[in-house]
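Visitor: Listed in order, the protein sequences are those of chains A and B.
Position 101, counted from 1, in the first sequence is what the UniProt record's numbering calls 101; the numbers after and before it change by one each time, with no gaps.
Position 176, counted from 1, in the second sequence is what the UniProt record's numbering calls 176; the numbers after and before it change by one each time, with no gaps.
Simulated from the structure, these hints should not be mistaken for lab results.
One or more hints might be untrue.
Simulated crosslink set (EDC-like; lysine to aspartate or glutamate; CA at most 20 Å straight-line) [as the list claims (entries may be wrong)]: (1) B:K43 to A:E73; (2) A:K82 to B:D49; (3) B:K43 to B:E15; (4) A:K87 to B:E15; (5) B:K87 to A:D70; (6) A:K43 to B:D122; (7) B:K60 to A:D70; (8) A:K82 to B:D122; (9) A:K7 to B:D70; (10) B:K87 to A:E181; (11) B:K82 to A:D86.
There are 2 protein chains.
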Amino acid sequence: MWALRIKGVEYDYIEEDLRNKSNLLLECNPVHKKVPVLIYQGKPIAESDVILEFIDDVWKDLRYRILPEDPYECAMARFWSKFGLDKLSPPIWKWFTTQGKEQEDAYEAAMEQLLVLEKVLDEKKFFGGERIGFVDLSLGSLSYVIPIYEDITGVRLITSDKFPWLSAWMEGFLGLPLVKEHLLPLDKLRPSDLGKRFGLGFYLGA
Amino acid sequence: MWALRIKGVEYDYIEEDLRNKSNLLLECNPVHKKVPVLIYQGKPIAESDVILEFIDDVWKDLRYRILPEDPYECAMARFWSKFGLDKLSPPIWKWFTTQGKEQEDAYEAAMEQLLVLEKVLDEKKFFGGERIGFVDLSLGSLSYVIPIYEDITGVRLITSDKFPWLSAWMEGFLGLPLVKEHLLPLDKLRPSDLGKRFGLGFYLGA
């Protein structure tokens, strides 16, 4: 949604109850059975990073390019997006959904990867520089879910003393009108889910 | 290497001993400490799918495009490449490196994902159609390592009765001069590794 808003493309938003997946979702993404799915001219595209690239490709002349024009910068953006998905999100999710030793190990792993990212940001406002780009959009949901995980667990993962640039990035990203007007509808969470980590996680996974 | 050969780009090939990683590798890929790494004008790029996209971007006018020009076809190529990395390779690797119940489960999971891929190929010679493209290159190493895994375990994963198109694809891919002249140098495997699944796996992982 954020990428479509950057491009100024109109769209319909269909919400999915992931505990009771619609036939439309199962038909559009039979391999992963997950959201998001973008349906463009009747054809479905799944996987958030694939969707982001598609939006940038198909509306390449609208507003600005989400991926850098320079091939090397573009490769770096893809590298860090992939890093977020493969190396950073899994320990954060594990930290949130486990207990004891397993949780401690996941915490250490998450901190290690967050430090890597802190150095990538290195005094920049956004990963894309002065405006948000591919990496910001790809990692953007983390800026939203990490504070929720922190509230529920009562443990802070990203503190401004340890992660000054990541903290500023999260605040800056969430503060963008484009982003804050299109966050996941937390108020629609069933109250019974709030205490159930997995229930909440699944919903956020939408 | 296959992608560089498609583009007709000259390169130097530096082999890594992954049991004794060079400083060059550790400096070029400090995050993953893995091969392959492409060094272009002194700048390193890691992660095989990121490298493939970079090669296609930076030498976009040489020979033919590795990724489809059409944005939707391009999204599909990215989707299936990602599927190979995320959903297919892990159970195949697990099947090869575990025993008992764990191995049986991995076998089932691998077969399920291979069947998905068989349907994607659907009577095509290559995933890219008449010539190899992004998905072929991305999954290409499987055509090479699966028969080796099969030889070592004595179990066939891809039989021509269950997977007629995948079998034909593997044979077709490995038969291309471009590919067969640039396979990993199996003859350089230390004899002592042949019996050690992990040793072999690591080397092939290079």
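Visitor: Against each hint, give a clear statement of whether it holds in the structure.
Guide: Now for the hints, and whether the structure bears them out:
1. B:K43 to A:E73: Roughly 11 Å separates the two Cα atoms, so the pair holds.
2. A:K82 to B:D49: holds, 10 Å
3. B:K43 to B:E15: holds, 18 Å
4. A:K87 to B:E15: violated, 26 Å
5. B:K87 to A:D70: Given pair B:K87, A:D70 is violated - Cα atoms ~30 Å apart, limit 20 Å.
6. A:K43 to B:D122: Holds. A:K43 to B:D122 sits at ~19 Å (cutoff 20 Å).
7. B:K60 to A:D70: holds, 12 Å
8. A:K82 to B:D122: violated, 29 Å
9. A:K7 to B:D70: Status holds; Cα separation ~19 Å.
10. B:K87 to A:E181: violated, 34 Å
11. B:K82 to A:D86: Holds: B:K82 and A:D86 sit about 11 Å apart, inside 20 Å.
In summary, the numbered hints that this structure violates are 4, 5, 8 and 10.
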